[in-house]
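Asker: Now for the letters of each chain:
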Amino acid sequence: MWSYFARRVAIGIPTLWAIITVCFFMMRLTPGGPFDGEAPVPPEILANLRARFHLDDPLWRQYLDYLANLLRGDFGPSFKYRDFNVTTLIAQGFPVSLQNGFSALVIAIMIGVPLGIFAALGQNTRRDYTVSAFAMTGIVIPNFIMGHVLILIFGVWLKDSVFHLPAGGWADGALANRVLPVFCLSLPYIAYLVRITRGSMIEAMRANYIRTARAKGLPFRLVVLRHALKSALIPVVTFLGPATAFLLTGSMVVETIFQIPGIGRYFVQGALNRDYTLVMGVTILSAALVIAMNLIVDLLYSLLDPRVRYEGKQ
Amino acid sequence: MNGIKFTSAPAAPGEIAGEFTGRSLWQDAWRRLLANRAAVAGMIILAGIALASVIGPFLLPWSYDSIDWEHIEALPPQFSTGHYLGTDSLGRDLLARTLFGGRISLMVGLLATTVALLIGVTVGAVAGFVGGRTDQLLMRFVDLMYSVPLTFFVIILMVVFGRNFALMFLAIGAVEWLTMARIVRGQTLTLRNKEFIEAARASGGSTANIIARHILPNVLGVVMIYVTLTIPQVILLESFLSFLGLGIQEPMTSWGMLINDGAAELEINPRTLIIPATFMTTTLFCLNFLGDGLRDALDPKDR
Amino acid sequence: MSASVLDLKNLSVRFATPEGEVAAVSELSLSVGKGECLGIVGESGSGKSQTFLAAMGLLARNGRAVGEAIFGGINLAAADENTLNRLRGNKLAMIFQDPMTSLTPHMKVGHQLTEVLVRHRNLKFPAARDRAIAMLRRVQISEPERRFEMYPHELSGGLRQRVMIAMALMCGPELIIADEPTTALDVTVQAQILDLIRRAKEELGTAVILITHDLGVVAGMADRVGVMYAGRIVELGEVHQIFNAPQHPYTKGLLACTPRLDDATASALVTIPGQPPDLQQLPTGCAYHPRCGNVMERCRAAAPPLMSTGGGGLKACFLENFGSVQAGTVVP
Numbered sequence: 054m055w056s057y058f059a060r061r062v063a064i065g066i067p068t069l070w071a072i073i074t075v076c077f078f079m080m081r082l083t084p085g086g087p088f089d090g091e092a093p094v095p096p097e098i099l100a101n102l103r104a105r106f107h108l109d110d111p112l113w114r115q116y117l118d119y120l121a122n123l124l125r126g127d128f129g130p131s132f133k134y135r136d137f138n139v140t141t142l143i144a145q146g147f148p149v150s151l152q153n154g155f156s157a158l159v160i161a162i163m164i165g166v167p168l169g170i171f172a173a174l175g176q177n178t179r180r181d182y183t184v185s186a187f188a189m190t191g192i193v194i195p196n197f198i199m200g201h202v203l204i205l206i207f208g209v210w211l212k213d214s215v216f217h218l219p220a221g222g223w224a225d226g227a228l229a230n231r232v233l234p235v236f237c238l239s240l241p242y243i244a245y246l247v248r249i250t251r252g253s254m255i256e257a258m259r260a261n262y263i264r265t266a267r268a269k270g271l272p273f274r275l276v277v278l279r280h281a282l283k284s285a286l287i288p289v290v291t292f293l294g295p296a297t298a299f300l301l302t303g304s305m306v307v308e309t310i311f312q313i314p315g316i317g318r319y320f321v322q323g324a325l326n327r328d329y330t331l332v333m334g335v336t337i338l339s340a341a342l343v344i345a346m347n348l349i350v351d352l353l354y355s356l357l358d359p360r361v362r363y364e365g366k367q
Numbered sequence: 064m065n066g067i068k069f070t071s072a073p074a075a076p077g078e079i080a081g082e083f084t085g086r087s088l089w090q091d092a093w094r095r096l097l098a099n100r101a102a103v104a105g106m107i108i109l110a111g112i113a114l115a116s117v118i119g120p121f122l123l124p125w126s127y128d129s130i131d132w133e134h135i136e137a138l139p140p141q142f143s144t145g146h147y148l149g150t151d152s153l154g155r156d157l158l159a160r161t162l163f164g165g166r167i168s169l170m171v172g173l174l175a176t177t178v179a180l181l182i183g184v185t186v187g188a189v190a191g192f193v194g195g196r197t198d199q200l201l202m203r204f205v206d207l208m209y210s211v212p213l214t215f216f217v218i219i220l221m222v223v224f225g226r227n228f229a230l231m232f233l234a235i236g237a238v239e240w241l242t243m244a245r246i247v248r249g250q251t252l253t254l255r256n257k258e259f260i261e262a263a264r265a266s267g268g269s270t271a272n273i274i275a276r277h278i279l280p281n282v283l284g285v286v287m288i289y290v291t292l293t294i295p296q297v298i299l300l301e302s303f304l305s306f307l308g309l310g311i312q313e314p315m316t317s318w319g320m321l322i323n324d325g326a327a328e329l330e331i332n333p334r335t336l337i338i339p340a341t342f343m344t345t346t347l348f349c350l351n352f353l354g355d356g357l358r359d360a361l362d363p364k365d366r
Numbered sequence: 409m410s411a412s413v414l415d416l417k418n419l420s421v422r423f424a425t426p427e428g429e430v431a432a433v434s435e436l437s438l439s440v441g442k443g444e445c446l447g448i449v450g451e452s453g454s455g456k457s458q459t460f461l462a463a464m465g466l467l468a469r470n471g472r473a474v475g476e477a478i479f480g481g482i483n484l485a486a487a488d489e490n491t492l493n494r495l496r497g498n499k500l501a502m503i504f505q506d507p508m509t510s511l512t513p514h515m516k517v518g519h520q521l522t523e524v525l526v527r528h529r530n531l532k533f534p535a536a537r538d539r540a541i542a543m544l545r546r547v548q549i550s551e552p553e554r555r556f557e558m559y560p561h562e563l564s565g566g567l568r569q570r571v572m573i574a575m576a577l578m579c580g581p582e583l584i585i586a587d588e589p590t591t592a593l594d595v596t597v598q599a600q601i602l603d604l605i606r607r608a609k610e611e612l613g614t615a616v617i618l619i620t621h622d623l624g625v626v627a628g629m630a631d632r633v634g635v636m637y638a639g640r641i642v643e644l645g646e647v648h649q650i651f652n653a654p655q656h657p658y659t660k661g662l663l664a665c666t667p668r669l670d671d672a673t674a675s676a677l678v679t680i681p682g683q684p685p686d687l688q689q690l691p692t693g694c695a696y697h698p699r700c701g702n703v704m705e706r707c708r709a710a711a712p713p714l715m716s717t718g719g720g721g722l723k724a725c726f727l728e729n730f731g732s733v734q735a736g737t738v739v740p
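Residue numbers (the numbering used here), protein chains in the order written: chain A, 54 to 367; chain B, 64 to 366; chain C, 409 to 740.
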């Protein structure tokens, strides 16, 4: 079990390192420096800037410095917001993204999984079709359309009613400001969870051991909860791993539409401003989260399926 | 003449048999697809939108970028001026813009998917068929790419190399091929040990030849299903890039850009958001129905 | 037959398919006596499993049962889920064919056993555990305390089937339905499993319905045998009658198919010509007539009803004195 886990970690670390390396060289080898887009800068100031950001050091030197700083948790100075370093910016934005992402995740699981089970247990009945149609809608409508439509409805059309919600902004996390973005974030995940849970639940209910459980005279509720649910959850967990990583690192779309100061928005700003260190910082953070979540998923597998535990021992 | 016919004859029976079973299999799938009402409706609407996007702009009284100087404000739909769906706040015809935007969005969708298809199928088929070290190397690379937040990657590419139409679908295609490669590899692995591949190998076919003539036709079904799933993703990614201002440049336009423009004048003229959004959502729905239909038609045992 | 445990009366099982409704079992009637072992023999698709899955209320979603399956005064074919759940695993138990997939993979074997007692006997876990371990010992599983804590994948196929039997016996049922209990097992294990079932029958007085396609299994176990073809019973009788003097050409064909080491005259493997019928397009008349070597004109026109053989058994065949007629020869 633990050696299995250790092996997964041993694969994850070089992966992260490879991503960092590729990002770093892609950024540094691109035509056009970070200060090109601005109003012409006098050469001596430019030289100053370059010196301050160590851009005149040999490339390998910059690379090693960057890696060394990363190990200390220092993502380097921001090229654009010169009084800040990237770590500070991330420290500001990440909690916001984290809160929204976490709320959306909890909502998605609480609604999506039960709804998927509900649809599966009534397979090919009207309730199944209704739920599946809802899931398809949630999957198909992209959230940058959904976001705007929500703003149009709750921010514009219902402006003078009690249902009015602010169209954007964060207001230090006021509840009213969170409703629309969190809903918008969670909707596609609810939909995917419905679809995946429904499919795997139908699959699980067809298994021979479900027939055995029913032949024992267990009430339907126990058959579902005790015998079917665990194996039905394996695909759900598989999906939730990367999904959690993406949700927690902040949706660029939703944060941009609703003007939320999370790291997704920082990333977009950074990209538009060619703020390479900021962009890299956010990219590395997300990649690390994706890798970490996949690790957690592997661990959860072994809780859900003893066969994995068994293989791990060998 | 006779001699030539005669020498080519030995190959013919096998080919005919291959043709025959191939066709009947596809015919079977086609019949099942036509029995699926949602998929057929999806196909028809999709064809309608595609056709309108391609030829529509030629038939409309207004072009997508011409400004109606007599109405430099948002106009409601009216027939007298030829603005069938009204104008945006600059007096540009909404229908013409939406159809033109659809042309760009669909084109990016098709081109980028083609790029993804070419890379994905090649990598997948080679990895699956050649196996061994090549397979491990390629698949480790795919695994690595999976850990990179791909949208980030495209954005970085767009920022680094500048806004460029050709580059955009190359960049999108370059990140969307991963799943395709995995699927094709899996299929190829199972095919590799089938008797007819053994036979082809035993009769001295080269690797490239076997892949092209025996593997690819057999993975076509799965690939087609996946293509219908990739196109919407690509359209979304393009829209998102345009939404961020990293995609198509003015005066050209795409659905994503129109939605972004519409969002800006949401309060005064919601039509500018609703109309392109409706077109785009409809297209996405149709592609989804078509994809589901194809999956059921080509792989009837699945659900 | 007043002391019967299970009475099937005109039981039919139908499945809804995209091509229309298919009858897997047609108006089948039979009864199982207390403590009796009834063998049910037939090819796959003959409806032998579906008949008793219907009696257990375990048909697939698209299936439905019509008719009666009376158990303890209750018609199982029409009973609601609650009634069925009080009986299943308690008075009525079932053993399935594939022990590899019939146990829940993510639950310890012990838990799967105790939940039967918790459900039907209202026992607390420690008491249920003791009973379950005792039962594991009884089905001759060594180190039952250790196996109790194991997951199904850690056990061999034979051990899993023992666990299934233990599970069926937990509440001392009046009837056990064993659906091909040995088919998925090694030959050496098969005999041990059959022996366990026989001992359960003898020691606990449990009635057993043994569903199989293997006549050899039935010969050593059953008191009576029913032969099924295309959803109907074609012959029913005492085990020695069925084996020594089969009254239906299909029974005879099945017997001829069973290879016998002790029969020097059987030089080649015998098969019944043709295929089991497609249930969606049953032949007119007797469903067996296209494959029957003794087919007569009336067999094509009407299906023979079950009638007495004279020897205490039943057969569905128009031929008289079939026992004296050579199988395979055409009667003019």
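Simulated from the structure, these hints should not be mistaken for laboratory data.
Honestly, I wouldn't trust all of these hints.
Said to hold, decoys possible - Using 30 Å as the maximum straight-line C-alpha spacing, the simulated DSS-like pairs for lysine-lysine come out as follows:
| no. | chain 1 | residue 1 | chain 2 | residue 2 |
| --- | --- | --- | --- | --- |
| 1 | C | K499 | C | K532 |
| 2 | A | K283 | C | K417 |
| 3 | A | K283 | C | K532 |
As the list claims (entries may be wrong) - Not everything, but these chain A residues come out facing chain C in the computed CB check (under 10 Å):
| no. | residue |
| --- | --- |
| 4 | R61 |
| 5 | A224 |
| 6 | A227 |
| 7 | A229 |
| 8 | R248 |
| 9 | P272 |
| 10 | F273 |
Claimed, not checked - Which residues of chain B face chain A? A partial, calculated answer using Cβ under 7 Å:
| no. | residue |
| --- | --- |
| 11 | L201 |
| 12 | F259 |
| 13 | A262 |
| 14 | I331 |
| 15 | L336 |
| 16 | A340 |
| 17 | T344 |
| 18 | N351 |
Ideal Cβ placement from N, Cα and C applies to all residues, glycine included.
Asker: Each of the hints needs a verdict: does it hold here or not?
Answerer: Here is what the structure says about each hint:
A distance of roughly 20 Å separates the Cα atoms of K499 (chain C) and K532 (chain C); the hinted pair therefore holds under the 30 Å criterion. The straight-line distance between the Cα atoms of K283 (chain A) and K417 (chain C) is roughly 40 Å, outside the 30 Å bound, and the hint therefore fails. Under the criterion of a C-alpha separation no larger than 30 Å, the hint pairing K283 (chain A) with K532 (chain C) is consistent with the structure, at around 24 Å. Here the hint on R61 (chain A) is broken, as its CB sits about 21 Å from the closest CB of chain C, past 10 Å.
With 10 Å as the threshold, the beta carbon of A224 (chain A) stays out of range of chain C, its nearest partner Cβ sitting at about 46 Å, so the hint is violated. Against a cut-off of 10 Å between C-beta atoms, the interface hint on A227 (chain A) is violated, since the closest Cβ of chain C lies about 44 Å away. The beta carbon of A229 (chain A) comes no nearer than 43 Å to any beta carbon in chain C, farther than 10 Å, and the hint placing it at the interface is violated. Checking R248 (chain A) against chain C: minimum C-beta separation of about 20 Å lies over 10 Å; hint violated.
Hint on P272 (chain A) holds. Least Cβ distance to chain C is approximately 6 Å, under the 10 Å limit. With its C-beta approaching chain C no nearer than about 7 Å, F273 (chain A) sits inside the 10 Å limit, and its interface hint holds. With a cut of 7 Å, the hint placing L201 (chain B) at the interface with chain A is violated, because the nearest CB-to-CB distance is about 15 Å. At about 31 Å, the closest approach between the beta carbon of F259 (chain B) and any beta carbon in chain A exceeds 7 Å, and the interface hint on this residue is violated.
The restraint placing A262 (chain B) at the interface with chain A is violated, with a minimum CB-CB distance near 36 Å, outside the 7 Å limit. Checking I331 (chain B) against chain A by beta carbon gives a least distance of about 10 Å; that is not within 7 Å, so the hint is violated. The beta carbon of L336 (chain B) comes within 6 Å of a beta carbon in chain A, closer than 7 Å, and the hint placing it at the interface holds. A cut of 7 Å between beta carbons decides the hint on A340 (chain B): the least distance to chain A is about 5 Å, and the hint holds.
For T344 (chain B), the suggested interface contact is upheld, since its CB lies about 6 Å from the closest CB of chain A, less than 7 Å. Annotation: interface hint on N351 (chain B) holds; nearest CB of chain A at approximately 5 Å, less than 7 Å.
Checked against the numbered hints above, the structure violates hints 2, 4, 5, 6, 7, 8, 11, 12, 13, 14; every other hint is satisfied.
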